[in-house]
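Visitor: Sequence:
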Amino acid sequence: MSAKKESATILGVGIAACAACCVGPILGVLAAIGLGTAAGFLLVGTVALFVGATVIALVILRRAAVCTPMMVNPAPVEFSGTRATDH
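Residue numbers for the sequence shown follow the numbering used here, so the first one is 556 and each next one is one higher.
None of these hints come from the bench; they were simulated from the model. By construction, the Cβ of each residue, glycine as well, lies at the ideal position given by its N, Cα and C atoms. Treat the hints with care, as some may be off.
Derived CB-CB ranges, DEER-like [claimed, not checked]:
# : residue 1 : residue 2 : range
1 : A603      : N628      : 40 to 48 Å
2 : A620      : I581      : 56 to 64 Å
3 : C577      : G600      : 30 to 38 Å
4 : T564      : G589      : 32 to 40 Å
Hey, can you work out the whole structure from these sequences and the hints?
Guide: Following this line, the structure appears as structure tokens:
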């Protein structure tokens with residue numbers, strides 16, 4: 556076996572050993588990132604939903620308390636018939 560083939564074999568075995576050894580921790584880190592992202596999405600979404608519902612409730616209650624009728628004493632309206640149209 557030549558020195559070139561022997562060094563290529565050693566390199567191939569080293570790459571295979573590295574892949575076999577390091578694939579577990581790499582996949583673990585990727586899984587942790589994915590689970591952290593999902594948990595953050597759920598937490599932030601839940602908090603945003605709660606805050607939004609609270610703000611909407613406060614706005615509706617505030618508007619209901621502030622709004623008053625424009626006319627205190629309504630004026631009667633009489634129907635005077637139809638309008639004349641020019642044909």
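Visitor: It remains to establish, for every hint, whether it holds in the given structure.
Guide: Verification of the hints:
{"no.": "1", "hint": "A603 with N628: 40 to 48 Å", "in the structure": "holds, 46 Å"}
{"no.": "2", "hint": "A620 with I581: 56 to 64 Å", "in the structure": "holds, 59 Å"}
{"no.": "3", "hint": "C577 with G600: 30 to 38 Å", "in the structure": "holds, 34 Å"}
{"no.": "4", "hint": "T564 with G589: 32 to 40 Å", "in the structure": "holds, 37 Å"}
Of the numbered hints given earlier, the model fails none.
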